[in-house]
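**Q** Chains A, B and C, in that order, are what the protein sequence lines are.
Residues 1 to 290 in my numbering are what the first sequence lists, from first letter to last.
Residues 1 to 458 in my numbering are what the second sequence lists, from first letter to last.
Residues 1 to 288 in my numbering are what the third sequence lists, from first letter to last.
Think of the hints as simulated: they come from the structure by calculation, not from any bench.
We put the beta carbon where it would ideally sit given N, CA and C, even for glycine.
Accuracy of the hints is not assured; some may be wrong.
As the list claims (entries may be wrong) - Simulated crosslink set (BS3-like; lysine-lysine; CA at most 25 angstroms straight-line):
1. K277/A to K175/C
2. K206/A to K20/B
3. K20/B to K277/A
Unchecked claim - Each pair of labels, with its calculated beta carbon distance range:
4. I67/A to E93/C: 35 to 41 angstroms
5. I67/A to L136/C: 23 to 29 angstroms
6. E138/B to W45/C: 39 to 45 angstroms
7. E184/A to E183/C: 32 to 38 angstroms
8. L69/C to T192/A: 48 to 54 angstroms
9. G12/A to H198/C: 19 to 25 angstroms
10. W45/C to P179/A: 56 to 62 angstroms
11. K388/B to L63/A: 47 to 53 angstroms
12. Q235/A to N237/B: 42 to 48 angstroms
13. L136/C to E42/A: 22 to 28 angstroms
14. W69/A to A144/B: 52 to 58 angstroms
15. E183/C to A16/A: 21 to 27 angstroms
Said to hold, decoys possible - Chain B is nowhere near these chain A residues, computed Cβ spacing over 12 angstroms in every case:
16. L32
17. L33
18. G190
19. Q195
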Amino acid sequence: MKSSTFGKPSLGVRIATHLTLLLLAVPYMLPLLWMLSTSLKEDTQIFPREGAATSALALENLLPHPIAWHNYPDAMATVPFGVYLKNTLLLCVVNVVGAVLSSAIIAYGFARLQFRGRDALFMLMIATMALPGQVTMIPTFALFRELGWYGTFLPLTVPAFFGAPFFVFLMRQFFLTLPTELSEAARMEGATEWQILWRVVLPLSKPVLATCALFQFLGTWNDFFGPLLYVNDPQKYTLAYGLQQFMSSYGGKWAQLMAASTLFILPILVLFFLAQKTFIQGIATTGSKD
Amino acid sequence: MAAKKVAQEDKVSVFHALKKRALFALQVLVAVALLAWVVNPSKEPRLFPERIPVRFWHMWSGEWKDVVDKIVARFNASQSRYEVIALSVPSGSADQKLLMGVSGGDPPDVMAQWNQVIPAWAESGLLTPLDSLMTPNEWEELQATAYPVALKIGRYQGHLYGLTTGVNVFACYYRPDHLAAQGARTFPATLEELTELGSKLTRLDEKGQITRMGFMPMGFNIYAPIFGGGFFDRTRNALTLNTPENLRALTFLAESRGRYGYEQVVKFESSLNTGGFAIEWPFISGQYSVTVDGQWRVEQLAKYAPELKYATAPIPPPQGGRTLAGFANGNFMIIPKGAREARGAFEFVKFWSGVDQPERAAEFYTWGGWLPLSPKIAQTPVYKAYVKQYPQFQTFLDLLASENIQPTAPVPFQVLLTDRLTRTEEAAVRGTATPKAALLALEVDIQRELERRKRFGL
Amino acid sequence: MKREHLGYLFISPWLLGFLGLTVFPFLACLYLSFCRYDVMAPPVWIGLGNYQELFFNDPLFWKSLQNTLLYAVLAVPLGIAAAVGLALLLNVEVRGVSVYRTVFFLPHIVPTVATSVVFMWILNPQIGLMNNVLGLFGVEGPAWLQDPQWAMRTLIFMSLWGVGGSVITYLAGLKDIPLSLYEAARCDGAGALARARHITLPMLTPVIFFNLIMGIIGAFQYFTQAYIMTQGGPQDSTLFYSLYLFYRSWRYLDMGYASAMAWILFVVVSTTTFVVFKTHRRWVHYGS
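With the hints as constraints, model all of the structure from the sequences given.
**A** Right, here's the structure in full:
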């Protein structure tokens, strides 16, 4: 099961694979490394001097020298980084909990329960993924405004509790692959569907739950339009908003902009490395089955 | 022997359990601390909680934001009724935010703007006419004293919707040392001469790439009035797009760029450090010999390149063109409909713009390097001292007073018009369309928009 | 409680959200598409006016539709090909393969805004990394994002950077192919290429199908990169449909017009998806 090619590939194949992968890895890693490198450069190292059209790409220009750490505090000083981070984390936690829990419940309904119109409803749910966000943006705004939610975090958190179609889709696929014997046994012992979901299915579904959690975290972390539209108080802004704020005023200040981008990406990278194993396993077991 | 081993294993497992428990406790502790920090709401600091709050949005950041904060602090110190609370909104999305704010019933009380929003927003009933907040006398006096162009920027269909706190006009900045090296003692008197001088000042490297730009005219809206054209006829209240004058201006822009090739100029410009901050303006590092820019550069040059020897001059007219002509826009204050504290907001607008006390406001204008609302402010000792200190500023004051300066046409689709003007210029200078064809396409395009608006009663 | 009702109870959060946050805004948008509406004043009915304008009087509408289709037609298949290729490579059991997997997956989780900023910097025609590296080989790179000939190609090319997400799904698909199939093929004397063509590819079609649908939906909603990097230029060469829709709604405040555009987009996307679904029995291989 683990290996789809049979036995160990020959030495030649392995070397060729290594070389190809290494070669391809360069363009995939370079942008991030270049971002990091630029974020530590002085402007004098980035821009050509008077009278020269290009800064010739000398090898010594790939790496920053001297290392300009000050770009980081400089970038952080322009927006209230701590406040934004805090708000972002709050939104992320609430959204992750809301979206993962509700999607799991919905997915269980679609995967394990029989009811009339189930498959049609499921298709309908999938179809809503094709809806362009701009279609619903204006009326949704009007709705939240009427509810008196404008200016609060509610429009940014409550929708998560209605489930996310993509997560429901992934979780349903995963639940379908789980053996039904355990649930049946529990049912024999008189467990309700609700209990089966919590005691049997969810404990077995950690990979897919982690995957959805990470996706939701990313989505909330990156959401710029939501806070822009609904939040009116500088004490409630988020990091994505801060990055945009930074970009619109520091357009050509590449070093600082890269420092700000690095700061913005860093927590996500850390999170990814922490959850990496569960996460990749999570996607790997969901996308494939029909 | 066996017992000993068991005991050892016990010890290990106890130790293991302890470690596990400690780790768990640590995790819980971190989680709780994080949660407490996250959930604990941060309070907006109010310096004067007893006063009526006036919420002020603006789009400045960095060093500009400091100037704004200084003015706000001055206002808050000047009286005891209101407290202005400033909020810097990212300029790219400020308009959207304001629209949502107004329709959400929670707009700011006052906003500093520079986008082309007045006609469209006034048409939508989004703005409070500022003249309605003035006494008839005040309004009369403002009309009699302000620079005409400053009022034109904020006016739509007879009402004043934005009060200008800084007009922007554009003129040539040049390096006398570069000019002298070419044997030019004085600045050229005609656009033709300037063009010729510019091509002599440009430097190329051995690969034919530009390393210094002598003079590269850009901006249809700047050059159309200089050629005697423009996009709006105020006497007929109509757009004037496809005119011989505008065609001459567009042809001039296309030819100037064509001399080097579009690509070459793109490459040159993308190598420049254009962070929007004075320190890195390529003019300072000598990559431009003559360049056209707004008056705010004077202030920045004084701050960041005090040693630089430079001079300013209006863009010289071409044969048959107009002197002291060009484009103007500006920063202006608007008060949205539904603002809770329109009165307080207007007090702040008056304070900043200097409608009530020119002497006091003159200082603010010098902080930002802004052009004043009225000659009264320009005549104050503070402002005169400022111009004396920076003689290069005089060029811009001359332009400010000129009748040949034109702001964007006051049509309700200003943004669309500006986008289409940019597109027209791009097509012409890239050479994908002849200036004539580009201008014709522009006219057709705008005609279509006009008809659409008429049909739908927009 | 009857099992029948239990099912509805479980999916009720979605049902509620669907009615409140999807159906309502969706119908509201349909209504607005027959109106002129500028966010502030109440909407005014103008019948089919917006649709007439779009179809017969707005060259930019057609241009943006054309650009978006071009992007979808090129970027989606390219993305699939690249992802399948990478997955095949990453499926070979070599030392450190999990490190490689991380390397290729990482870009997928970098926020689009940050990606766009970094690529703008890399693609700077004069001082960017890309053209400097090309310069080492004596090639003079174009102005990637400022040249109408290149801007669209650049964005398509850039989209390949984010294929890591789908690579993982293909990897999973590869792991699911029973070894016995390969062994049987080998016994029949099939070479490596034949095995790839007759076993690997057909067995991967369900995953390809999944990614194709997701890719089409994503391509039609392509927005952020163009908004940040090119704003639709140069010369409208990267004016994507969603971008133009955004301009119409928030830049020109033509909400009615934009609503009509949104509805057309929805019809186009759902029709395309439907057609792909219709064909899938013909080429998607289920079970063994």
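**Q** Next step is simple, just say for each hint if it's right about the structure.
**A** Each hint tested on the structure:
1. K277/A to K175/C: holds (16 angstroms)
2. K206/A to K20/B: holds (21 angstroms)
3. K20/B to K277/A: holds (21 angstroms)
4. I67/A to E93/C: 35 to 41 angstroms: For E93/C against I67/A, whose Cβ atoms are near 40 angstroms apart, the range 35 to 41 angstroms holds.
5. I67/A to L136/C: 23 to 29 angstroms: Taking Cβ atoms as reference, I67/A and L136/C lie about 25 angstroms apart, which means the hint holds.
6. E138/B to W45/C: 39 to 45 angstroms: holds (42 angstroms)
7. E184/A to E183/C: 32 to 38 angstroms: Holds, at about 35 angstroms.
8. L69/C to T192/A: 48 to 54 angstroms: holds (50 angstroms)
9. G12/A to H198/C: 19 to 25 angstroms: holds (24 angstroms)
10. W45/C to P179/A: 56 to 62 angstroms: Holds: the Cβ-Cβ distance is about 57 angstroms, inside 56 to 62 angstroms.
11. K388/B to L63/A: 47 to 53 angstroms: holds (49 angstroms)
12. Q235/A to N237/B: 42 to 48 angstroms: Between Q235/A and N237/B, where Cβ atoms are some 46 angstroms apart, the hint holds.
13. L136/C to E42/A: 22 to 28 angstroms: holds (23 angstroms)
14. W69/A to A144/B: 52 to 58 angstroms: holds (57 angstroms)
15. E183/C to A16/A: 21 to 27 angstroms: holds (23 angstroms)
16. L32: holds (22 angstroms)
17. L33: holds (22 angstroms)
18. G190: holds (33 angstroms)
19. Q195: holds (26 angstroms)
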